[in-house]
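Trainee: In case you want the letters, here they are:
Number of protein chains: 2
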Amino acid sequence: MKYQAIAAHLLKSERLRGSLVQIKPDATDFPKKANPMRMSRYFLPVLKETPREAQIVSHRYMLQAGMIKQASAGIYSWLPLGFKVLRKIEDIVHEEQARAGHIAIQMPTIQSADLWRESGRYDAYGDEMLRIKDRGGREMLFTPTAEELVTDIFRAHVTSYKDLPLTLYQIQWKFRDEVRPRFGVMRGREFYMKDGYNFDLTKEDALHAYNRHLVSYLRTYERLGLQAIPMRADSGPIGGDDTHEFLVLAETGESEVFYDSEITDLKFGDREIDYDDKAACQAVLEEFTSRYARTDETHDEALFNEVPETRRKVARGIEVGQIFYFGTKYSDAMGAMVDDGKGGKVPVHMGSHGIGVSRLLGAIIEASHDDKGIIWPEGVTPFHVGILNMRSGDEACDAACEDLYAKFTAAGLEPLYDDRDERAGAKFGTMDMIGLPWRITVGPRGIKNGVVEVTCRRTGEAVEMPAADAIAKIQAIYAAL
Amino acid sequence: MKYQAIAAHLLKSERLRGSLVQIKPDATDFPKKANPMRMSRYFLPVLKETPREAQIVSHRYMLQAGMIKQASAGIYSWLPLGFKVLRKIEDIVHEEQARAGHIAIQMPTIQSADLWRESGRYDAYGDEMLRIKDRGGREMLFTPTAEELVTDIFRAHVTSYKDLPLTLYQIQWKFRDEVRPRFGVMRGREFYMKDGYNFDLTKEDALHAYNRHLVSYLRTYERLGLQAIPMRADSGPIGGDDTHEFLVLAETGESEVFYDSEITDLKFGDREIDYDDKAACQAVLEEFTSRYARTDETHDEALFNEVPETRRKVARGIEVGQIFYFGTKYSDAMGAMVDDGKGGKVPVHMGSHGIGVSRLLGAIIEASHDDKGIIWPEGVTPFHVGILNMRSGDEACDAACEDLYAKFTAAGLEPLYDDRDERAGAKFGTMDMIGLPWRITVGPRGIKNGVVEVTCRRTGEAVEMPAADAIAKIQAIYAAL
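Protein chains in written order, with my numbering: chain A, 1059 to 1539; chain B, 1059 to 1539.
Warning: the hint list may mix true and false statements.
Put simply, identical chains are the same to the list, so a pair is met inside one copy or across any two.
With a cut-off of at most 16 angstroms between alpha-carbon atoms, the simulated EDC-like pairs for lysine to aspartate or glutamate come out as follows [to be verified]:
hint : residue 1 : residue 2
1    : K1220     : D1479
2    : K1220     : E1480
3    : K1191     : E1236
4    : K1403     : E1355
5    : K1371     : D1358
6    : K1506     : D1452
Honestly, the hints are just simulated from the structure, not real lab data.
All chains, please: the whole structure from these sequences, using the hints.
Mentor: Structure representation (structure tokens):
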């Protein structure tokens, strides 16, 4: 182990000489995680035909772009391109949760029925719960959500108000045995979800946790390139007092939504926020939830009619997250009590807060595509830039592409290089379908003139420039994220 | 969206002015993933008592250090410290697989029994398979491994030798319904595993894939701080011709191992390898497998006795990985055929290759601990450095600790700062138990003299130096990894 030798050397020499051995530390030397890829070595099974089973565009494009393959009804394998986007979304969710001070754990998928009997949900949950008997005949289940297990973790380890506030979350596979799974990953049975749980001494603290989640979710969705509108929601079977759903407007949304058009002008943007500042978080909640915005489940026609007519909008939306405050429902049932610092023991106030990570891929595509394929927002694109060689085998074109590939990789970006011996039309079709936001096209005529072509997938605009400028430009776009 | 504005601006201004707008690209501005942590805000439920149920040291320390909590027999929740190490191991596995040219996918945990009937394993697998009926009465199972599903993906999309070689892998939760789960994560029922599958045209190509896996596994284990010895293995129920297990020597290992002591001198080290170079990969295989090294399952006393007596070692080992070449077993059964380029159709040659990701935490602790607790290798430590404030509340100590905390974070490292109002003894005990390799102790006397103390967890050596030197030194250690 190199580091052991160095560490030993450093310690020893300091002992002997009393001064620090100079090994230049350089954070930029740390291993980069950029994974560039050549199409000839990738597994990208782009389909030529339109899959018949797909009723909505995101499902169709995810199949056509070789992102997913159905394994069973409502259960999908994530092929390389799909998995890469899934991980990018997961990373952003983790980063934003860490920023909010929430702490990552991982709970198992298979849980004991006994725990769910404590809350009364084992019998109440119904057929959507996948129930399992293990070899010893014990009743188990595949977790559809994890209030019981996280409460069990809490009550085993936390006994004092001094250890509060605390928010634990995970990103883990869940299962809900839908009667009619459909729309690909939008309404699958096995799905990847972020579920977070706050534990607080008082309702006031718990509502601050609620607000923290609202803020972190606004940031998360904007980084994913989405506008997700918090709408007053129905608490449903989980129970709860305060709850909002986050909806992305899209024609194919499963919910009808009613809102004041002013709400779509709101952006969280680049503003700084101190997540410990209760007033600041409350102000964000008020800013983003004071205007009328409800799904059909909570819609109130009389209230809606108070919105000026020109601002009253009716549309459809895709639910991509939900936040709940449900008080002491689980802490009472399961005995999650803490010393309150005044000689008493009180049940903690809780909430649970979810983001549908796998579903988000569908939502992003519903919100961002055209008739040629997907258009990934820069924040989640599987590769930062496509390099399209118009004449593979041509020495100058090959060399220019290899150089771009190497330089993007060295800059910490991930290029996808179409180095295949295919006709240009097929290469353009594939690039358009898989939706990388930026493409560099390298052809013999351009190379003679010392330029390559940079194309924006969203606008279709194309500009010729020297390769070095193209690299600088793409770098600048991602550095500004 | 900031990037959209910038992108639009860049394109527009180039159109108008024909030159690149200068926005300085700087890869170091990209968001850093370092997650520093203050103990007062962390969830680190260190146990004072020795847990009675733990029979081996890794299980005991993982419970004591608040890394895991049992949810059901053989099923664990990963608490923050445990999850952080799990992710670090996962990241290293991903990096080394990417380096070898293997491509990440994600398969679902719940699979259809029908697919497993095609290979004949649904009936053959026995009681270790967790069998499930969904609400429609369909027979499903929780995947213990994924040869069938990955072969199904392959046959659906690949038809030509031109798309080979191909290796797909995933890191995913698996379930094996052990009769007697024990030893914590070392022999759990739900476990996290990397499983990779190669698809090749010929046996020769498949054996190259086998060698690539061997090389990538050697690199992976060394980066984790482990020496894992490839030993000739028994092919077991999966079937196969060539197979090696990777074993970490440890007194608590479940296997008895017999080896030539020369083998423990071998290191893969920093050498460069071209994974496309068949001869180079074959040479590594020969170097690491030509000496006698077998588990009790394949031990051959007569062969062993040919090793010079002073080099014959008998010890115990923990299995942390296995590579298999099994030829056309699944491709024949499931019809995974490709055009061979000569007008024929042939079944692909396959192998499967696994690393026990969650089990590795146990193996690392078995191999690296003392009587005070865990000693993490630098490659997988949950935090890079502990900052121990000997007198929380003292203005100078608090300021010095805050400064260290901010500077480590800015350098892209993850400090864990014990800022709690606890006595020094308890703080030292916790730091020793959780095993961060480097600790900086800040006390009032040192601060007066302008120094802090840097302690190596492994050797216990402590050196005083100015805070700036301590930061440079810790940075240098991690930069050298």
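Trainee: Against the structure shown, which of the earlier numbered hints fail to hold, in ascending order?
Mentor: Hint 4 is the one this structure does not satisfy, whereas the remaining hints hold.
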